[in-house]
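Novice: Given these sequences and hints, build the entire structure.
Residue numbers (our numbering), protein chains in the order written: chain C, 1 to 213; chain P, 1 to 213.
No wet-lab data here; the hints were simulated from the structure. It is possible that part of the hints are untrue.
Put simply, identical chains are the same to the list, so a pair is met inside one copy or across any two.
The calculated lysine to any residue pairs, modelled on SDA-like cross-linking and capped at a C-alpha distance of 20 Å, are [what the hints assert, rightly or not]:
| id | residue 1 | residue 2 |
| --- | --- | --- |
| 1 | K168 | Q135 |
| 2 | K168 | A79 |
| 3 | K80 | F175 |
| 4 | K168 | I134 |
| 5 | K94 | E42 |
| 6 | K196 | G43 |
| 7 | K80 | G165 |
So you can see what is in the structure, the chains are spelled out below.
Protein chains: 2
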Amino acid sequence: MPSRPAPGAGDGGKETPVNKILSDEGLDLLFRQARTHSHWLEGEIVDVLLEAIYDLAKMGPTSANCSPMRVVFVRSPEAKERLRPALDAGNVDKTMTAPVTAIVAYDTGFYEHLPRLFPHADARAWFAGNEALIQETAMRNGTLQGAYFIIAARALGLDCGPMSGFDKEAVDRAFFRDRRVKSNFLCNLAHGDADKLPPRGPRLDFAEACQVV
Amino acid sequence: MPSRPAPGAGDGGKETPVNKILSDEGLDLLFRQARTHSHWLEGEIVDVLLEAIYDLAKMGPTSANCSPMRVVFVRSPEAKERLRPALDAGNVDKTMTAPVTAIVAYDTGFYEHLPRLFPHADARAWFAGNEALIQETAMRNGTLQGAYFIIAARALGLDCGPMSGFDKEAVDRAFFRDRRVKSNFLCNLAHGDADKLPPRGPRLDFAEACQVV
Numbered sequence: 001m002p003s004r005p006a007p008g009a010g011d012g013g014k015e016t017p018v019n020k021i022l023s024d025e026g027l028d029l030l031f032r033q034a035r036t037h038s039h040w041l042e043g044e045i046v047d048v049l050l051e052a053i054y055d056l057a058k059m060g061p062t063s064a065n066c067s068p069m070r071v072v073f074v075r076s077p078e079a080k081e082r083l084r085p086a087l088d089a090g091n092v093d094k095t096m097t098a099p100v101t102a103i104v105a106y107d108t109g110f111y112e113h114l115p116r117l118f119p120h121a122d123a124r125a126w127f128a129g130n131e132a133l134i135q136e137t138a139m140r141n142g143t144l145q146g147a148y149f150i151i152a153a154r155a156l157g158l159d160c161g162p163m164s165g166f167d168k169e170a171v172d173r174a175f176f177r178d179r180r181v182k183s184n185f186l187c188n189l190a191h192g193d194a195d196k197l198p199p200r201g202p203r204l205d206f207a208e209a210c211q212v213v
Numbered sequence: 001m002p003s004r005p006a007p008g009a010g011d012g013g014k015e016t017p018v019n020k021i022l023s024d025e026g027l028d029l030l031f032r033q034a035r036t037h038s039h040w041l042e043g044e045i046v047d048v049l050l051e052a053i054y055d056l057a058k059m060g061p062t063s064a065n066c067s068p069m070r071v072v073f074v075r076s077p078e079a080k081e082r083l084r085p086a087l088d089a090g091n092v093d094k095t096m097t098a099p100v101t102a103i104v105a106y107d108t109g110f111y112e113h114l115p116r117l118f119p120h121a122d123a124r125a126w127f128a129g130n131e132a133l134i135q136e137t138a139m140r141n142g143t144l145q146g147a148y149f150i151i152a153a154r155a156l157g158l159d160c161g162p163m164s165g166f167d168k169e170a171v172d173r174a175f176f177r178d179r180r181v182k183s184n185f186l187c188n189l190a191h192g193d194a195d196k197l198p199p200r201g202p203r204l205d206f207a208e209a210c211q212v213v
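Specialist: As structure tokens, then:
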């Protein structure tokens with residue numbers, strides 16, 4: 001990782017301390033060469049790797065540190081069978097053959113943890129009783145954390161297969177009996193078989209998606 | 001970046017090709033040492049760096065490659081003043097002093113691009129006329145992309161200050177006149193002043209947020 005100044009950090013010659021920049025290999029691993037996979041190589045995924053993914057992802061920023069993401073790692077054949085009937089037809093094979101499928105979810109009771117997670121203010125009071133704000137905050141921040149989770153899994157050498165093609169109500173009935181936690185998306189975790197990847201889809205150009213004002 | 005096999009990739013002695021793992025320095029830069037900042041060092045941010053952030057973030061996965069994120073980089077004093085009245089009081093100083101504030105938004109007309117972005121099926125027809133699905137898909141995937149954007153900015157040496165404390169309706173009136181694009185969150189971009197960081201907030205442990213079944 002070179003410690004050259006970031007592009008655009010020019011300050012007219014003065015020495016400004018700036019962060020390092022990720023290596024080209026790192027950018028490839030996380031973004032430029034990483035792909036969504038549907039076919040997997042053999043190999044199990046042990047608990048310590050799942051814990052390492054979460055321990056990275058949890059460090060990403062959320063609003064008032066609210067941290068609403070909850071994850072169920074579905075690994076046993078019995079639990080996979082509980083998931084199967086909720087899957088869209090096109091997602092069954094890739095999910096049932098993946099060593100682990102993460103149910104990335106969010107806790108609509110997240111604000112009960114705020115006195116510990118954000119002790120600087122009475123942040124619990126911002127949410128209690130405001131169902132629209134609870135839902136929006138849980139969804140936005142739980143989804144941000146879900147993306148940190150995908151990037152963290154890639155950083156630790158796994159390939160991901162995120163999916164929203166499933167019956168959320170059925171997953172919630174099967175895995176979240178308390179009705180407080182809601183499924184957001186699924187993410188297969190494994191080592192992908194790169195020989196079975198289709199060509200990469202195009203992306204919108206900067207000028208199509210962004211403006212500078 | 002060591003090319004050792006990923007933990008958990010054990011396959012009983014056979015050689016399985018697996019991805020590399022991000023270096024410790026990379027994990028620190030993106031997750032373990034990165035912090036949300038509110039105070040900034042001097043330094044402008046040039047267009048090429050904004051384009052580089054987007055060009056990484058756009059590669060992250062979205063459902064059916066739907067890519068709904070749109071970004072307005074607010075940099076000129078005039079545009080900053082248009083943003084100011086929409087900010088919560090606690091977010092004014094840090095936003096007005098940041099060299100760039102990104103309005104991370106999503107396009108509720110994203111499905112019009114699907115014939116190009118996802119040519120394998122008539123994906124446009126899944127969405128057209130289904131407002132609830134459009135909103136949910138735009139929000140979920142636009143937020144995933146927003147997290148890729150934060151990680152990409154960190155990978156390129158910037159610090160981020162993401163915020164949801166602002167009047168979304170006011171921002172949309174000021175920056176998205178067509179009413180098709182909706183603001184999601186704001187993100188200050190700059191080199192942060194590490195001397196002014198408060199202690200880091202705690203996170204939920206693996207056992208509090210995750211289960212393996």
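Novice: Indicate which option fits the pair K80, F175 if close means a Cα-Cα distance not exceeding 20 Å: within, between, both or neither.
Specialist: Within one copy only: 11 Å inside, 46 Å across.
Novice: Could you place K80 and G165 in one of the four classes (within, between, both, neither) given a Cα distance threshold of 20 Å?
Specialist: Intra 16 Å, inter 40 Å, cutoff 20 Å: intra-copy only.
Novice: Is it within, between, both, or neither for K168 and A79, if the alpha carbons may be no more than 20 Å apart?
Specialist: within (16 Å within a copy, 41 Å between copies)
Novice: Is it within a copy, between copies, both, or neither that the alpha carbon of K168 lies no farther than 20 Å from that of I134?
Specialist: both (18 Å within a copy, 16 Å between copies)
Novice: 20 Å Cα cut-off: does K168 pair with Q135 within a copy, between copies, both or neither?
Specialist: both (15 Å within a copy, 16 Å between copies)
Novice: Indicate which option fits the pair K94, E42 if close means a Cα-Cα distance not exceeding 20 Å: within, between, both or neither.
Specialist: within (13 Å within a copy, 49 Å between copies)
Novice: Checking an output row: K196 and G43, CA cutoff 20 Å. Within, between, both or neither?
Specialist: Classified as within; 17 Å inside a copy, 45 Å across copies.
When the structure is compared with the earlier hints, no violation turns up for any of them.
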